[in-house]
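Protein chains: 2
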Amino acid sequence: MKILVVGGTGRAGSAIVEEALKRGHKVVITTRDANRVKIEKAAILEKEPLALNAKDIEGVDVVVDAVSVPWGSGKGYLHLDIATHIISLLRNTTTRAVFILGSASLAVPGTDYPAIEDYPKETAAAPWFDGALHQYYEWAFLQWVKNVDWIGFSPGEAFPEGPATGYRLSEGILQPDRNGQAHVTTGNMALAILDEIENRNYHHKHFGVFDK
Amino acid sequence: MKILVVGGTGRAGSAIVEEALKRGHKVVITTRDANRVKIEKAAILEKEPLALNAKDIEGVDVVVDAVSVPWGSGKGYLHLDIATHIISLLRNTTTRAVFILGSASLAVPGTDYPAIEDYPKETAAAPWFDGALHQYYEWAFLQWVKNVDWIGFSPGEAFPEGPATGYRLSEGILQPDRNGQAHVTTGNMALAILDEIENRNYHHKHFGVFDK
Numbered sequence: 029m030k031i032l033v034v035g036g037t038g039r040a041g042s043a044i045v046e047e048a049l050k051r052g053h054k055v056v057i058t059t060r061d062a063n064r065v066k067i068e069k070a071a072i073l074e075k076e077p078l079a080l081n082a083k084d085i086e087g088v089d090v091v092v093d094a095v096s097v098p099w100g101s102g103k104g105y106l107h108l109d110i111a112t113h114i115i116s117l118l119r120n121t122t123t124r125a126v127f128i129l130g131s132a133s134l135a136v137p138g139t140d141y142p143a144i145e146d147y148p149k150e151t152a153a154a155p156w157f158d159g160a161l162h163q164y165y166e167w168a169f170l171q172w173v174k175n176v177d178w179i180g181f182s183p184g185e186a187f188p189e190g191p192a193t194g195y196r197l198s199e200g201i202l203q204p205d206r207n208g209q210a211h212v213t214t215g216n217m218a219l220a221i222l223d224e225i226e227n228r229n230y231h232h233k234h235f236g237v238f239d240k
Numbered sequence: 029m030k031i032l033v034v035g036g037t038g039r040a041g042s043a044i045v046e047e048a049l050k051r052g053h054k055v056v057i058t059t060r061d062a063n064r065v066k067i068e069k070a071a072i073l074e075k076e077p078l079a080l081n082a083k084d085i086e087g088v089d090v091v092v093d094a095v096s097v098p099w100g101s102g103k104g105y106l107h108l109d110i111a112t113h114i115i116s117l118l119r120n121t122t123t124r125a126v127f128i129l130g131s132a133s134l135a136v137p138g139t140d141y142p143a144i145e146d147y148p149k150e151t152a153a154a155p156w157f158d159g160a161l162h163q164y165y166e167w168a169f170l171q172w173v174k175n176v177d178w179i180g181f182s183p184g185e186a187f188p189e190g191p192a193t194g195y196r197l198s199e200g201i202l203q204p205d206r207n208g209q210a211h212v213t214t215g216n217m218a219l220a221i222l223d224e225i226e227n228r229n230y231h232h233k234h235f236g237v238f239d240k
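Which chain is which? The protein sequence lines are A and B, in order. Every position in the first sequence, counted from 1, becomes a number in the numbering used here once 28 is added. Every position in the second sequence, counted from 1, becomes a number in the numbering used here once 28 is added.
Please keep in mind that the hints were generated in silico from the structure rather than gathered at the bench. Any given hint could be a false lead.
Intra- or inter-copy, both count: the list cannot distinguish identical chains.
As the list claims (entries may be wrong) - Only pairs whose alpha carbons sit at most 30 Å apart, straight line, appear in this in silico DSSO-like list of lysine-lysine:
1. K103 - K233
2. K233 - K66
3. K174 - K149
4. K240 - K149
5. K174 - K233
The model shown is predicted, which means the values in this text are computed figures rather than measured ones.
The following block holds chain A by itself, in its conformation from the complex (with noise of 0.2 Å):
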């Protein structure tokens, strides 16, 4: 398959990239700066995601979204807005999007809204806070989609760099392990992603995703 990665310089993307390269996929990064592609490969597309269009869309059969945006950068608001517009650009295709939605749009287990609206007030103050608010309401756009083909994606809340080795999927809840914090890393979100890129078995949902 064609894989367009938005963001696959990042954390997470770079490891959504490697995954796919392995498994035979061609890929595509956007990238505002083609220097700091890494990886060979994969081809590249050298612009921002909100200039994207129809034309680069051409034949791709997947859009992984894993743009994140600095911490304290005041751009929380780029998460909405780049996931409001690849779904403008693939209404009603056959091109499906994945999209790496916040921790905090999880649900804590024996809730079924998500987390973020129980975060006590002080917590808007937190560096954090303004991408979990955006990809919370990306999450919530997302659900009044209907002619795309989109799932998304969430990590606990401890999201870092490391190997595949192995994954557990929820329904949009959060799931801690026994230290009490719910943790996966970059290699196995990306094998969750091309899992489900490759296996197709959902549709407009949010899955939770963990360390086995």
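Assemble the complex: chain A is given as a structure, and chain B must be docked to it using the hints.
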């Protein structure tokens, strides 16, 4: 002021263009087909709303989104996509944005939520529903936006072509007249919008507009 009217050849859009020209503003109309523009004195930008870019907005004081999607076209999602696109272009700029939202996003008197949330289920089959639903999503989306100076105006259920005779505003509440229907002419909608463009009284608000 320089005002860009997206959908400026439509019923509501052309009333806004005329009122803006009458008041001496510079007007640019975006249209997919320049042959449709019957109004002299307005500049024409021939492109799809979703193809607008940052350069098109340079020097523009206000963008008015007056796009209407034909009932039954199945393209109601364009209401949402065009709004998210305009917002993405205006982030952290001083250019204002004015959106015409649907009457279904106004609250019935005595309630504090959009009327569409209470519509009977069979309403979903009506030809206007798809557009109304996506204008409701558009209004929900706008409430997430803090770094663009936007404002929304909704007509009553009846929104016929007609002259500017005077209008009333409500803060997001339907105001039926003696005959039980909330109505506003395109001329009165244009008056309300141009008054607010000139007066800059409100920010991040949603008003109902009705004939006086």
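Here is how each hint holds up against the structure:
{"no.": "1", "hint": "K103 - K233", "verdict": "both (26 Å within a copy, 23 Å between copies)"}
{"no.": "2", "hint": "K233 - K66", "verdict": "neither (32 Å within a copy, 47 Å between copies)"}
{"no.": "3", "hint": "K174 - K149", "verdict": "between (33 Å within a copy, 18 Å between copies)"}
{"no.": "4", "hint": "K240 - K149", "verdict": "neither (33 Å within a copy, 43 Å between copies)"}
{"no.": "5", "hint": "K174 - K233", "verdict": "both (11 Å within a copy, 28 Å between copies)"}
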